[in-house]
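S.K.: Use these hints to put chain B onto chain A, whose structure you have.
So the chains spell out like this:
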Amino acid sequence: MDEIRSGISEVQCDVLVIGGGTAGPMAAIRARKKDPKANVILLEKANVKRSGAISMGMDGLNNTVIPGYATPEQYTKEITIANDGIVDQAAVYKYAQNCYDIIQELDRFGIRFQKNQNGDYDVKKVHHIGTYVLPMPNGETVKKALYRQLRRERVLISNRFMATRLLTGKDGRVAGAICVNTRSAEFLVIRAKAVILCMGAAGRLGLPTSGYLYGTYENAANSGDGYAMAYHAGAGLANLECYQINPLIKDYNGPACAYVAGPFGGYTANNEGRRFIECDYWSGQMMQEFYNELQSGKGPVFLKLNHLAPETVSEIERVLHVVERPTRGRFHANRGTDYKDEMIEMHISEIGFCSGHSASGVYVDENARTTLPGLYAAGDMASVPHNYMLGAFTNGAFAGEDAVDFVRQVDYADIDAEAIVKEQERVLAPTRREDGIPPNQIEYKTRRLVNDYLQPPKVTRKMQLAQRRFEEVRDDMNNAMYVRDSHELMRALEVQSILDCADMAAAASLYRTESRWGLYHNRVEYPGRDDENWFCHTILTKGPDGKPAHAKKPIAPYIIEIEEHERDAYYKQRIVASEAAE
Amino acid sequence: MPLANTATTVPVVVDEGKCIADKGCTVCVDVCPLDVLRISELTGKAYMKYDECWYCMPCEADCPTGAVTVNIPYLLK
Chain A
1 MDEIRSGISE
11 VQCDVLVIGG
21 GTAGPMAAIR
31 ARKKDPKANV
41 ILLEKANVKR
51 SGAISMGMDG
61 LNNTVIPGYA
71 TPEQYTKEIT
81 IANDGIVDQA
91 AVYKYAQNCY
101 DIIQELDRFG
111 IRFQKNQNGD
121 YDVKKVHHIG
131 TYVLPMPNGE
141 TVKKALYRQL
151 RRERVLISNR
161 FMATRLLTGK
171 DGRVAGAICV
181 NTRSAEFLVI
191 RAKAVILCMG
201 AAGRLGLPTS
211 GYLYGTYENA
221 ANSGDGYAMA
231 YHAGAGLANL
241 ECYQINPLIK
251 DYNGPACAYV
261 AGPFGGYTAN
271 NEGRRFIECD
281 YWSGQMMQEF
291 YNELQSGKGP
301 VFLKLNHLAP
311 ETVSEIERVL
321 HVVERPTRGR
331 FHANRGTDYK
341 DEMIEMHISE
351 IGFCSGHSAS
361 GVYVDENART
371 TLPGLYAAGD
381 MASVPHNYML
391 GAFTNGAFAG
401 EDAVDFVRQV
411 DYADIDAEAI
421 VKEQERVLAP
431 TRREDGIPPN
441 QIEYKTRRLV
451 NDYLQPPKVT
461 RKMQLAQRRF
471 EEVRDDMNNA
481 MYVRDSHELM
491 RALEVQSILD
501 CADMAAAASL
511 YRTESRWGLY
521 HNRVEYPGRD
531 DENWFCHTIL
541 TKGPDGKPAH
551 AKKPIAPYII
561 EIEEHERDAY
571 YKQRIVASEA
581 AE
Chain B
1 MPLANTATTV
11 PVVVDEGKCI
21 ADKGCTVCVD
31 VCPLDVLRIS
41 ELTGKAYMKY
51 DECWYCMPCE
61 ADCPTGAVTV
71 NIPYLLK
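Residue numbers (the numbering used here), protein chains in the order written: chain A, 1 to 582; chain B, 1 to 77.
Honestly, the hints are just simulated from the structure, not real lab data. A virtual CB, placed ideally from N, CA and C, is assigned to each residue, including glycine. Watch out, some of these pointers could steer you wrong.
[As the list claims (entries may be wrong)] In the SDA-like style, the derived pairs of lysine to any residue whose C-alpha atoms are separated by at most 25 Å in a straight line are:
id, chain 1, residue 1, chain 2, residue 2
1, B, 77, A, 333
2, B, 49, A, 488
3, A, 37, A, 412
4, B, 18, A, 322
5, B, 49, A, 4
6, B, 77, A, 440
7, A, 542, A, 189
8, A, 250, B, 71
9, B, 49, A, 432
[Claimed, not checked] With the Cβ distance kept under 8 Å, some of the chain A side facing chain B (calculated, not the full set):
id, residue
10, 47
11, 55
12, 119
13, 147
14, 182
15, 210
16, 211
17, 215
18, 252
19, 298
20, 299
21, 330
Chain A on its own, in the form it takes in the complex (with noise of 0.2 Å):
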């Protein structure tokens, strides 16, 4: 295993769909179930058993929208106020309508939600207006479910390949993708008249203070190959300035998950023990308070438990120690941490993209198109804001079935044999010398840099030197890199993607001459909204120079309107001192 052997094949399908994670699998079986003589092959990168952000499982449903609880006119304005107003409401809208279908699904997948005694969904409250949290306390089933569901609808799964570029046509519709064994460095080209991209967040972009590369808070194989592609083919990205930044335990890599904590009495506190924030959802506003409490005399911040009753915590623990990322339970161990007898030390986590979160990504709309015909994406990478999995199973869906009616109405666009040589030659080329640079030191340095460079508060002489220093780390990883065997060719070619997410959120930002979405896009010398220039999507695509070009892009004609007074509810989030002091 892991030698460098040299080969080509050829393969077709009518979709392919690229991550097996959360929207991957989604968006195949919904394709297959549309039409069941559709061809369908799911690429994965690692094994679609336990890939993706969900690898272990997750612990709830951030973002359900359940009759009796909200409506989707309510989500669609909690999501607006929350992203600035910076978002295209139909993708929204549709989202919110469709989700508790998919709940259901999911369901019946054999997938359980928490259930009060009478049997109804128990959804908590911890958005800053609405009410859509659904716990999943049996969360670590979700991949064994979805696997099942595939076999049933026999998609055909391709572990261990990764693709590297985007096949084009000459008419610019997509035309399948490159793809290379990862443990044989064995190339395979798929032709395909639909390809749906699910490669999940950019994650491996900041670097940990704890200088250990994979200690990020996506899943670490979630290098931003999905956003790298989509630039090279020419489809565009939104918004990428509006980074990912997460409120995570001190060192460990888990979400501090007030989501979970929070329906039970738990709280983000600073050292004093205090409240700070009156909402713990995740949002760039709220990560600005963050950021200000961390700066004070009143930092670090805590994830506070030692008031609850020691029952309560036990079930907490249950959750945040079991699903999701269970090696949690161990960090405390080692440490002697317990929640119940003292608060537990928060930070901030690297940026990254991911629009789980936030809401940048490969620009979509409501039926996961991307600006390229015949390319599809959903999940973590496209640009739906706060997406979550719900979001990705949902947007999944729409892209698998979109997919097929696109399929049936168009055949295979040509493909330049040229092209596919070239490529073949770009990515072995660290294969082919002597000697060199390894990949993980190109890594290292290029994470570094985003972290003294692009981490906000954003600096503009600060992101130019970024820049600069990219460029040359750029040449060395086109000129010098070097690999061994065919495992160190995947690092190679992740790294790639990460320096093309670095110089995107570089150019991203540099763009967008304001602050917006509070800590995500903070530019200090350009403070406050400036709605009157600024009121638009950032569209960045690969230019004629083959550097990031960008456009402005309108916002879409509101479906739900805000209210003037609703607009800044989620800049209200600091307690105010009297009501701190009680």
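M.R.: Here is chain B on its own, set in the frame of chain A:
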């Protein structure tokens, strides 16, 4: 530019007495999202070949004999 071998502690530990990789089991290798586990040609047992762990735990949870333990990497322990 020569490459050096630098010592590092790895998070995934395999109890070779319990591991049945020599009988053809590859479960831990198959389920790892980062693909960092391999079967040793020397011992026939699973081991962590690449220090690129997300400490997510499918290898431990899915091991049929309970041979695999995932520890927190030292750097952030």
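S.K.: Taking each numbered hint in turn, which are not upheld by the structure, reported in ascending numerical order?
M.R.: 12, 13, 19, 20
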